[in-house]
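Engineer: Knowing the structure of chain A, use the given hints to seat chain B on it.
Protein chains: 2
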Amino acid sequence: MKTAAERAGDVTDVEVVFTPSGRRATVPHGTVILDAARQVGVDLDSICAGRGICGRCQIEIGSVPGIDERPSRLSAVAETETAYRGRKPLVEGRRLACAARAHDDVVIEIPADSQVHRQVIRKRPEVDNLPIDPVVRLLYVEVEPATLDGVPGDAERLAAALAAQWGSKDLHLAPSVLRDLQPALRASGHAVTLAVRDGVSIVAVWPGFRDAVYGVAFDIGSTTVAAHLCNLMTGDVLASAGRMNPQIRFGEDLMSRVSYVMMNPEDGAARLTDAVRSAANELVGVLAAEAEVDRHEIVEVVAVGNPIMHHLFLGIDPTPLGSAPFALATASSIEVGAAEVGLNVHPAARLYTLPLIAGHVGADTTAAILSETPYRSEDVQLLVDVGTNAEIVLGNRKRLVAASSPTGPAFEGAQISAGQRAAPGAIERVRIDPDGLDVRFSVIGCEPWSDEPEFEERIGKVGVTGICGSGIIEAVAQLMLAGVVSTNGVIVDSGRSDRIVADGRTHSFILFQDDDVDIRITQNDVRAIQLAKAALYAGIRLLMDHFGVDQVDQIRLAGAFGAHIDPAHAVALGMIPDCDVDRISAAGNAAGTGAMIALLSSEARREIEEIAIGVEKIETATEPRFQEHFVDAMAIPHRTAEYPHLTKVMSLPPRTAAASGQRRRRAAT
Amino acid sequence: MKTAAERAGDVTDVEVVFTPSGRRATVPHGTVILDAARQVGVDLDSICAGRGICGRCQIEIGSVPGIDERPSRLSAVAETETAYRGRKPLVEGRRLACAARAHDDVVIEIPADSQVHRQVIRKRPEVDNLPIDPVVRLLYVEVEPATLDGVPGDAERLAAALAAQWGSKDLHLAPSVLRDLQPALRASGHAVTLAVRDGVSIVAVWPGFRDAVYGVAFDIGSTTVAAHLCNLMTGDVLASAGRMNPQIRFGEDLMSRVSYVMMNPEDGAARLTDAVRSAANELVGVLAAEAEVDRHEIVEVVAVGNPIMHHLFLGIDPTPLGSAPFALATASSIEVGAAEVGLNVHPAARLYTLPLIAGHVGADTTAAILSETPYRSEDVQLLVDVGTNAEIVLGNRKRLVAASSPTGPAFEGAQISAGQRAAPGAIERVRIDPDGLDVRFSVIGCEPWSDEPEFEERIGKVGVTGICGSGIIEAVAQLMLAGVVSTNGVIVDSGRSDRIVADGRTHSFILFQDDDVDIRITQNDVRAIQLAKAALYAGIRLLMDHFGVDQVDQIRLAGAFGAHIDPAHAVALGMIPDCDVDRISAAGNAAGTGAMIALLSSEARREIEEIAIGVEKIETATEPRFQEHFVDAMAIPHRTAEYPHLTKVMSLPPRTAAASGQRRRRAAT
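Chains A and B, in that order, are what the protein sequence lines are.
Position one of the first sequence corresponds to residue 1 (my numbering), numbered consecutively onward.
Position one of the second sequence corresponds to residue 1001 (my numbering), numbered consecutively onward.
I should point out that these hints are in silico values taken from the structure, not numbers from a laboratory.
For every residue, glycine included, the Cβ atom is placed at its ideal position computed from N, Cα and C.
Any given hint might turn out to be false.
In silico negatives: residues of chain B with every beta carbon more than 10 Å from chain A [to be verified]: (1) Asp-1035; (2) Gln-1039; (3) Asp-1154; (4) Arg-1179; (5) Gly-1359; (6) Val-1380; (7) Gln-1420; (8) Asp-1451; (9) Phe-1455; (10) Gly-1463; (11) Gly-1504; (12) Asp-1553; (13) Glu-1619; (14) Thr-1622.
Taking lysine-lysine pairs in the DSSO-like style, the calculated list, with each CA pair at most 30 Å apart, reads [unchecked claim]: (15) B:Lys-1169 <-> B:Lys-1398; (16) A:Lys-169 <-> B:Lys-1617; (17) A:Lys-617 <-> B:Lys-1169; (18) B:Lys-1398 <-> A:Lys-169; (19) B:Lys-1169 <-> A:Lys-169; (20) A:Lys-398 <-> B:Lys-1169; (21) A:Lys-398 <-> A:Lys-617.
Reference listing, derived: stretches of chain A covered by chain B, where coverage requires no fewer than 3 residues with Cβ under 8 Å from a Cβ of chain B [unchecked claim]: (22) 43-51; (23) 165-178; (24) 327-334; (25) 354-368; (26) 564-570; (27) 617-627.
The following block holds chain A by itself, in its conformation from the complex:
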């Protein structure tokens, strides 16, 4: 429907004001809003290039002073808009910018979800507010069919269509697209959707219109490989899954895997590489099935991991990482074909790995930095990820320093007499009454605490099998608070309880005994925890020295350890420096979140690449002060000053909310 003015050919200019950008376009009466937006560079999404198919260019009529918001300022609702509303939901009052035309001066509001660079709020806190700015974009394009006398090549006709319909020139076609293009054109009446990477390469083609394409973010740990499948267009996390890293059969920890490689120069590295890649492929299958997508619709992959995992996944011999000077093959971010690392996804999919910082501080740490963004903070943040080594990052928006501290595996329950991984059956919380030395504990997989009536019934299913890292830390801290463990880490037999028993020339403290297990804290266990916590504290202290602070404003504990550890106990034991306990918190799987951010945002990639170069790495092995700090930190607690958090530790709610509820009900009966 044309206006009278249009029919008469009496075309006058109108002004279109876009919010929130505030940009103004002066265009002829009747100009399509999408065209006006492009003309002044307004960030307005579109996949179908204005055909009323994709619904990405939804707009609202807004108002600014001087211009009211009468709908008549736009053309009447067009057929394509009615048709779109018939197929998909369209918020009342919204229009499609590719159909609506400016009939008068008008204010056009671009809702957040119509912007190409948009923030998406999701339910899961750890993936809140991820910027969506993926390296891959979708373009719908209609191609002229081949004729005997016309342009002979499909690729060249596609290029002509892209230039005409999208203004895109010189896009490079991936080889797999060359193979897929003809069948796609034929299957769809010559209309296809392309995935364009970095604005320069066509990496995938599908017949007809589509508005979803997927990516996978891997967090490759030495114990666990975790992965998330995301819709690259919406940022939605459609599925998450984890698998034991099958490299474990070649060695429990990182160094034993490097040793395996050194002992098997022929194919050791290749076998470790194959193992982790097969786990990754298996995860892709699990994720694709769960999200009900075809694995060949996955066009982008991001992986993070410590330097050894990173190298092995990329097929690089990690041997140099096993000894000084711990030379990395590269510290830079890498982009390779996903097929080159054996991933069975779309054949033109690319794998991006985040940059590394040093031989012990890998892409998992940079991913955590990307997730936690200490580089934007005014406060001095401490970010700690504890595994066999602890990766430590300290700093704020002005400066970041990082180190890896050789804590050993004690915090993961290894080298502890009754230690085990954090899995069902493991004691994870411990409270010891300072008077009678009575012990209460909770077990992973069993909600009630050990002194609650339901415990007996519920524990039957999981059993008590050992004690995990957080349990040991709480146990030692509680023993210290109860006076059982002395400041220099000796279990003292004060005769106060028969839980303290002689164990050769030292003593142990019995946490739990039944017919099957005998879970005790031995003198060796205390020593192992002492060594580990001293290493961690010394590393942190060294960074604080370098950074020039005596106190940190905020502490974030990343990873599984960070999720289980009780901050107050960690401070009490002297693992981490003094800090307001309220400002110590778990960062969740910061590495995995960082990988997802890099999957969904090309801007985030540039950001972390730049940040990573500026992170100052501190090498603990060559720093004499590290040894000094380490020796100082062996005592429990090692600080002589009055300890501000001890009372807090004791007053922490000892039970879960559910357990408390139970107790209240019991009290009422």
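Structural biologist: Structure of chain B alone, referenced to chain A:
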């Protein structure tokens, strides 16, 4: 050794004049000549960045008016030069530009072999004068070893060394280089040679210094796959080999292979692709063994072929090429990882394919154009490559037109009663005495003609097995000249010879009979040749119409057919238009030569990419004039005008030089 002036710090400027470029550098006294050359952009080669290792930067002292050529104008011969001369030959009087310093105004002559962009003259005429300007360059670089406190990544230390020693920045590392870099650095005391592609990507690394790297050029024909292995630095062709295209088991000719693909939609294309790729890999093995190089030292591959071979080699379904509108997947040049097409060479090697022109005019034709360079010619050139289809290119520096004409396989000996491929045992040359209709012929693999005394003895080893394309053409032309075949192509039984025999309702002409074979030219054979030559001539004529000429200046006959065919007979039969017989010549394997040129010169690639876009393709199938020309060309000969070449044909030397010598000796006895 410093001069007195240098010792005194009294540095004055001197002028260095470079020939042949004529560029002048004003530099401080004592400046290294290589540095002076770089300063003014003089094309002077170097792999070792001025360490006196590679010997690429050899120079001579020249003279221009005003500056004499006393050697004392350069510094004394340096230790590195003496050391180099001890290892490798250095022409007397030559200096290494990286060691010689300017001590006064001096003229420096850059010999052709010291230029990066150089022309190399070789013994084989078809690879004469190839420009050497490969996409891959070698750089020798010495890298700082890793230290605990230094830059942690090998790649980053390499980048720093490249920036310092070569001024090269932002070079991208191929994934395989990341894997090879550490072992190479460790094996060589941190000195490595890099292969850099297109000036932007490091594609290979080797420990220590090296000055050779290799490439392979493939010419993938439907019958034969040929390949050449070249030293990319010198342009030397180190080995050449050919193999039957194993696709033949899926169909003798192109269309039957496309049919096979259509009948086997599941895996037909994949099987054809696997077949040709396995042949290519086998050839790489043969070439590498012959040239005594490691196949992983092959870092660049070029392939040409007709559109169907091109698509199949790249793994693209050729089905659309089997029927109108004969749509290509792409007409553009393509660059993919060699590994992506299954080639077992260096993992980062790339495959480059030349552009195509139309659904029937492929990369073999553009390669022939690149080799023959009609686009540089003032004369109007006709380039003909005869196979099952004939690819025809006509034009000069102003304009090129191209077509494919459906000649059918008769010229290749197929669909001929006694026809066979050009292989030992095939009659390839025929002379028929116009008076008594006596027949003389020669056979591939047997030097003497059939009427020579040695023939009986020598033919025993090969036998007479059939007649190949050139033999049939000569036979039909000779029969026409002898009056046995009429103008409209009928074998007329004039009763002149018992070689003319009734064959059903038509007649045949017996060429040769013995106990085993009966080689005759049947009426059907004449018809097949009539159809084929009419198609070829009509295609050429159509191009001449489009180009607007009635005559061509020069005719080049490419491929195996072009090498065997006798130009005069081809003209006599009316296959090709009138042209001075001296200006009709065989082009050899122009497609293979073009592939080699593209292998050795990146400039040539840009050249043919640009030229190919401008070639006007003429579609014979939709041109009414093609049918007219075709019908006109069916007669033998079809031109009514007096035929200028008939006498020349008859006066051509009928025997080889050796046979003539034999005859002279016999005459003397």
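Engineer: Give a verdict on every hint.
Structural biologist: These are the hints, each one checked on the structure:
1. Asp-1035: It holds; Asp-1035 (chain B) is separated from chain A by about 30 Å at its closest Cβ, greater than 10 Å.
2. Gln-1039: For Gln-1039 (chain B), whose nearest Cβ neighbour in chain A is about 31 Å away, the distance exceeds 10 Å, so it holds.
3. Asp-1154: Label violated. Min Cβ-Cβ 5 Å, cutoff 10 Å.
4. Arg-1179: The assertion about Arg-1179 (chain B) is violated, with a minimum of 5 Å to chain A.
5. Gly-1359: violated, 5 Å
6. Val-1380: holds, 24 Å
7. Gln-1420: holds, 34 Å
8. Asp-1451: holds, 51 Å
9. Phe-1455: holds, 50 Å
10. Gly-1463: Answer for Gly-1463 (chain B): holds, closest chain A Cβ roughly 45 Å.
11. Gly-1504: holds, 40 Å
12. Asp-1553: Asp-1553 (chain B) is indeed farther than 10 Å from all Cβ atoms of chain A, at 29 Å.
13. Glu-1619: violated, 5 Å
14. Thr-1622: violated, 5 Å
15. B:Lys-1169 <-> B:Lys-1398: It is violated: about 41 Å lies between the C-alpha atoms, which goes past 30 Å.
16. A:Lys-169 <-> B:Lys-1617: holds, 24 Å
17. A:Lys-617 <-> B:Lys-1169: Holds: Lys-617 (chain A) and Lys-1169 (chain B) sit about 24 Å apart, inside 30 Å.
18. B:Lys-1398 <-> A:Lys-169: holds, 28 Å
19. B:Lys-1169 <-> A:Lys-169: holds, 27 Å
20. A:Lys-398 <-> B:Lys-1169: holds, 28 Å
21. A:Lys-398 <-> A:Lys-617: At roughly 15 Å apart (the allowed maximum being 30 Å), Lys-617 (chain A) and Lys-398 (chain A) satisfy the hint.
22. 43-51: violated (count 0)
23. 165-178: holds (count 3)
24. 327-334: holds (count 7)
25. 354-368: holds (count 4)
26. 564-570: violated (count 0)
27. 617-627: As far as the segment 617-627 of chain A goes, the hint holds, because 4 residues have Cβ atoms under 8 Å from chain B.
In summary, the structure is inconsistent with hints 3, 4, 5, 13, 14, 15, 22, 26 from the numbered list given earlier, while agreeing with the others.
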